[in-house]
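Student: Protein chains in written order, with numbering that gives the first Met the number 0: chain A, 0 to 285; chain B, 0 to 298; chain C, 0 to 276.
Just so you know, these hints were derived from the structure itself, not from any lab.
Quick caveat, the model's predicted, so the values are computed rather than measured.
It is possible that some hints are incorrect.
Just the calculated beta-carbon pair ranges, DEER-fashion [stated by the list, open to error]: (1) B:26 x A:11: 46 to 52 angstroms; (2) A:273 x B:255: 49 to 55 angstroms; (3) A:177 x B:280: 20 to 26 angstroms; (4) B:133 x C:96: 16 to 22 angstroms; (5) B:255 x A:95: 55 to 61 angstroms; (6) C:35 x A:127: 58 to 64 angstroms; (7) B:5 x A:68: 29 to 35 angstroms; (8) A:193 x B:84: 48 to 54 angstroms; (9) A:68 x B:170: 28 to 34 angstroms; (10) C:245 x B:99: 56 to 62 angstroms; (11) A:68 x B:52: 49 to 55 angstroms; (12) C:96 x B:25: 52 to 58 angstroms; (13) C:246 x A:11: 46 to 52 angstroms.
Glycine included, each C-beta is placed from N, C-alpha and C at the ideal position.
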Amino acid sequence: MTRVFQKTARIVFFLSAAASAMAAALVFGFLLVFGFPLIGGGEFFSLLTRPWSPGQGLYGFLPMITGTAAISFLSIVFALPLSLGTVCFMGGLGPARISRLVDGFVRFMTGIPTVIYGFLGIFLLVPVVRTLFTSAGSGMCILSASLMLSLLVSPTMIIFFKDGFDSVDVRYIQAADALGADSVQRLIYVILPEAWPGIVTGIIMGLGRAMGDTLIALMIAGNAVHVPGSILDSARTLTSHIALVSASDYDSLAFKSIFACGLTLYVLNAFAVIAVRRLGGKRGPV
Amino acid sequence: MNIRILGGCLRVFSWGAVLVLTGSVLVLLGYLLVKGVPSLGRDLIFGQVNVLDALLLKKRVFDGLFPAIAGTLSVVLLSVGLAIPVGVCAGIYMSEFATVLQQRVFGLMFDILAGIPSIVIGLFGFSGAIFIHRYISNDFRPCLAVSVAALAFLVLPYITRTTQASMQGLSIQTRQAALALGATRVQNIFYVLLPQSFSGILSGIILAIGRCAEDTAVIMLTGVVATAGIPGSLLGSYEALPFYIYYISSQYTDAEELMSGYGAAIILLGVCAVLFILAFLIKRRLAGPAGPAPGRFHG
Amino acid sequence: MVLKRSIVMLVLMAVSPFFLVSAQAGAIDSFSGLSGEIRISGGTAHIPVMKEAAKQIMSANPGISISIAGGGSGVGIKQVGEGIVDIGNSGRAPSDAEKEQYGLKLFKWAIDGVGVAVHPDNPVTSLTKAQLKDIYSGKITNWKDLGGKEASITVYTRDESSGTREVFWKKALDKGDIVSSANFVVSNGAMKTAIANDPNAIGYVSVGHMDASVAGVALDGVSPTIDTVKSGEYKVARGLYSNTKGDPSGLTKLFIEYLLSPEGQQIAVQKGFVPVN
Chain A
0 MTRVFQKTAR IVFFLSAAAS AMAAALVFGF LLVFGFPLIG GGEFFSLLTR PWSPGQGLYG
60 FLPMITGTAA ISFLSIVFAL PLSLGTVCFM GGLGPARISR LVDGFVRFMT GIPTVIYGFL
120 GIFLLVPVVR TLFTSAGSGM CILSASLMLS LLVSPTMIIF FKDGFDSVDV RYIQAADALG
180 ADSVQRLIYV ILPEAWPGIV TGIIMGLGRA MGDTLIALMI AGNAVHVPGS ILDSARTLTS
240 HIALVSASDY DSLAFKSIFA CGLTLYVLNA FAVIAVRRLG GKRGPV
Chain B
0 MNIRILGGCL RVFSWGAVLV LTGSVLVLLG YLLVKGVPSL GRDLIFGQVN VLDALLLKKR
60 VFDGLFPAIA GTLSVVLLSV GLAIPVGVCA GIYMSEFATV LQQRVFGLMF DILAGIPSIV
120 IGLFGFSGAI FIHRYISNDF RPCLAVSVAA LAFLVLPYIT RTTQASMQGL SIQTRQAALA
180 LGATRVQNIF YVLLPQSFSG ILSGIILAIG RCAEDTAVIM LTGVVATAGI PGSLLGSYEA
240 LPFYIYYISS QYTDAEELMS GYGAAIILLG VCAVLFILAF LIKRRLAGPA GPAPGRFHG
Chain C
0 MVLKRSIVML VLMAVSPFFL VSAQAGAIDS FSGLSGEIRI SGGTAHIPVM KEAAKQIMSA
60 NPGISISIAG GGSGVGIKQV GEGIVDIGNS GRAPSDAEKE QYGLKLFKWA IDGVGVAVHP
120 DNPVTSLTKA QLKDIYSGKI TNWKDLGGKE ASITVYTRDE SSGTREVFWK KALDKGDIVS
180 SANFVVSNGA MKTAIANDPN AIGYVSVGHM DASVAGVALD GVSPTIDTVK SGEYKVARGL
240 YSNTKGDPSG LTKLFIEYLL SPEGQQIAVQ KGFVPVN
């Protein structure tokens with residue numbers, strides 16, 4: 000009786016693990032099958048470089064690729080100094096008590112819903128951008144979206160950076176302390192050079208978070224389908240493209256193209272995950 | 000460069016970064032509260048309907064957030080309820096039974112699953128629904144059940160990973176005491192290891208709840224609509240708070256509707272904040288006064 | 000008895016939807032005691048009327064639930080054709096190919112215009128068709144070229160699935176180009192909100208949705224108002240349709256009857272459309 004139970008339990012555990020692991024493959028399979036009419040015949044790569052113009056039968060998603068690249072890259076440009084500064088603050092430059100508060104606040108930030116950033120983006124940030132930059136037109140542009148996104152990705156980056164800092168061998172730090180290093184010297188000469196895998200991991204994770212987010216870009220980037228020429232241009236990301244077109248007629252090639260967008264996002268994510276694992280950083284729910 | 004000047008610059012830089020980051024988030028949230036708090040009240044949720052009538056489903060609420068709140072509640076409870084058994088069992092397997100190779104392969108798959116953008120998970124759920132509609136049952140459409148399943152996919156890796164990490168974090172003494180007394184491995188898991196790692200798993204579950212509650216991208220592809228009333232069946236459409244916020248932000252028709260958007264945003268933020276604090280407190284109790292050790296995920 | 004009645008109803012419906020109204024006085028009563036779900040999606044100009052009708056029906060009949068989603072006319076037509084929803088709304092008549100492919104039945108319950116709109120503070124209140132085409136094709140990019148202030152024009156448009164876009168593109172732009180840098184919005188409601196919030200905006204919106212938050216722009220001297228649409232003077236007009244796959248039955252049929260009944264037509268008037276009856 001107990002032996003049967005033992006066996007059953009073990010099988011159930013295994014099946015759960017295998018099923019959860021298969022889930023990732025299942026998602027990939029569905030994207031592939033549904034996107035096949037557009038991807039088959041080696042057309043996938045030519046799609047990457049073509050414009051989007053359903054009126055002329057063109058379903059390339061170059062505009063969305065460039066939109067995603069511009070918005071997520073710019074958001075990292077904004078978020079990187081903020082995150083590095085904050086993690087240095089917590090790594091000894093700031094008073095311990097405030098550091099703990101900042102740490103708690105950063106963790107709280109991971110829980111702020113992205114739709115709320117989008118909502119506040121529309122009513123607070125977009126009008127400001129529109130007033131400051133007259134050429135930004137509506138104010139719904141790459142700049143607005145990446146500013147908001149930088150707030151979304153900063154906590155992710157900070158947490159991974161901090162992990163990198165914490166994983167520096169404590170004996171190095173003690174050695175530096177024994178030599179009379181102050182907190183700044185310790186940070187510059189010991190921690191920062193040793194913590195780079197954590198920093199790279201954080202940047203990759205931040206980039207992944209920025210590329211994967213839908214609502215902020217959908218709500219405040221303007222969604223124009225063209226290759227943007229400036230950060231004040233309206234742009235559409237891969238994720239918002241999926242959200243916008245998914246409601247459309249699903250026999251059309253336009254609809255099938257969103258599976259190509261989905262596949263692109265999936266593959267980019269898988270590369271990021273593999274890169275992070277190679278770096279040996281931790282990768283888990285944040 | 001002189002280390003003293005460099006150090007000074009670094010100090011200023013780090014203070015500046017902290018101030019800009021926390022300051023901008025506080026300004027955003029402050030703006031939300033200042034604009035939105037006046038809208039909070041009974042009417043925001045129940046409109047003109049008597050509270051009791053609405054809760055007992057005697058009368059329908061048309062001008063309030065009640066259907067959206069009920070929708071979010073159902074979708075969250077169902078999807079987390081679906082993900083918990085599978086996720087916890089998978090976590091147990093990863094921690095207690097998996098070979099090194101399995102840990103590597105499964106671990107990689109979990110990481111990939113955890114990183115898939117939620118809109119792609121939504122697209123998966125949507126295409127699954129279309130697949131069933133076309134080839135299995137013509138009555139099947141994107142609905143509450145589809146959202147629930149897709150969201151369960153979304154949070155499954157969270158639950159698996161936290162279960163695995165909290166079980167692996169147990170000390171060797173805890174692991175071996177019952178085994179030495181003659182307990183089987185499975186008994187040891189159910190009577191010792193699971194109860195001991197309960198708070199770790201619980202904090203993971205609470206974070207998963209928060210993730211489900213705030214997600215908009217998955218549900219907007221899998222069955223959420225602007226108007227549906229209280230969710231009546233798994234196969235029906237439903238409303239949800241985050242989608243309501245998105246919807247109102249682009250198509251409010253008057254100031255009053257916009258205010259209800261602010262109200263909905265405050266409620267959603269409040270829910271997420273409470274969940275976050277809960278998870279935080281549970282984790283801290285678990286870790287004790289020494290502070291949480293950074294949980295390391297193996298494999 | 001009931002069966003007989005519904006057979007009669009079906010026959011009547013096949014002849015013309017207009018008969019239904021006279022046959023169905025007090026359409027809301029016909030829902031009493033019934034339960035079930037009606038799923039509606041598609042055209043976004045329809046949404047205010049759909050919401051109000053749903054509210055009336057659902058308040059009186061707790062067993063009935065009606066869900067309403069947007070998406071645009073193309074979505075409504077496809078989804079009803081595929082059987083994803085019971086009623087697919089469209090702000091344009093479905094094409095012959097669409098009708099044939101899915102066996103759609105069309106019910107036109109109101110007439111609406113598609114008006115050009117700008118921010119109320121914009122001094123530009125009238126445009127010629129040629130100017131409008133130049134704005135939308137990206138030839139005119141600054142309001143000062145149209146007698147307005149020195150500011151670049153933000154062009155707003157809708158996606159391909161929008162019936163409003165199609166009507167506007169055909170009848171106002173004569174199928175001219177729409178510049179690729181145009182901002183996209185997802186519905187008539189969103190178009191109105193976007194224009195109301197952007198002093199430099201230009202967009203097109205269902206005349207029924209226009210209110211004081213945006214300013215309608217006269218096109219070749221004719222303002223887009225409910226009266227000019229009604230009189231036929233304003234040319235960029237279209238019908239609002241609710242489509243079903245095959246002849247409607249059950250709750251879906253009752254819902255369509257309700258839209259065409261005096262009560263339903265009254266709702267259409269309230270929401271700013273021209274009734275068909």
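Student: Now look at each hint and say whether the structure bears it out.
Tutor: Hints and how they fare:
1. B:26 x A:11: 46 to 52 angstroms: Since the Cβ atoms of residue 26 of chain B and residue 11 of chain A sit about 50 angstroms apart, the hinted range of 46 to 52 angstroms holds.
2. A:273 x B:255: 49 to 55 angstroms: Hint holds: Cβ distance 50 angstroms, inside 49 to 55 angstroms.
3. A:177 x B:280: 20 to 26 angstroms: 38 angstroms, violated
4. B:133 x C:96: 16 to 22 angstroms: Hint holds: Cβ distance 20 angstroms, inside 16 to 22 angstroms.
5. B:255 x A:95: 55 to 61 angstroms: 48 angstroms Cβ-Cβ, so the 55 to 61 angstroms window is violated.
6. C:35 x A:127: 58 to 64 angstroms: About 49 angstroms separates the Cβ atoms of residue 35 of chain C and residue 127 of chain A, which means 58 to 64 angstroms is violated.
7. B:5 x A:68: 29 to 35 angstroms: 34 angstroms, holds
8. A:193 x B:84: 48 to 54 angstroms: Cβ of residue 193 of chain A to Cβ of residue 84 of chain B: about 42 angstroms, so the range 48 to 54 angstroms is violated.
9. A:68 x B:170: 28 to 34 angstroms: 47 angstroms, violated
10. C:245 x B:99: 56 to 62 angstroms: Holds: the Cβ-Cβ distance is about 60 angstroms, inside 56 to 62 angstroms.
11. A:68 x B:52: 49 to 55 angstroms: Holds, since residue 68 of chain A and residue 52 of chain B (Cβ atoms, about 53 angstroms apart) stay within the stated range.
12. C:96 x B:25: 52 to 58 angstroms: Cβ of residue 96 of chain C to Cβ of residue 25 of chain B: about 56 angstroms, so the range 52 to 58 angstroms holds.
13. C:246 x A:11: 46 to 52 angstroms: Because 51 angstroms falls inside the window, the suggested range holds.
Violated hints, listed in ascending order, are 3, 5, 6, 8 and 9; each of the other numbered hints is respected by the structure.
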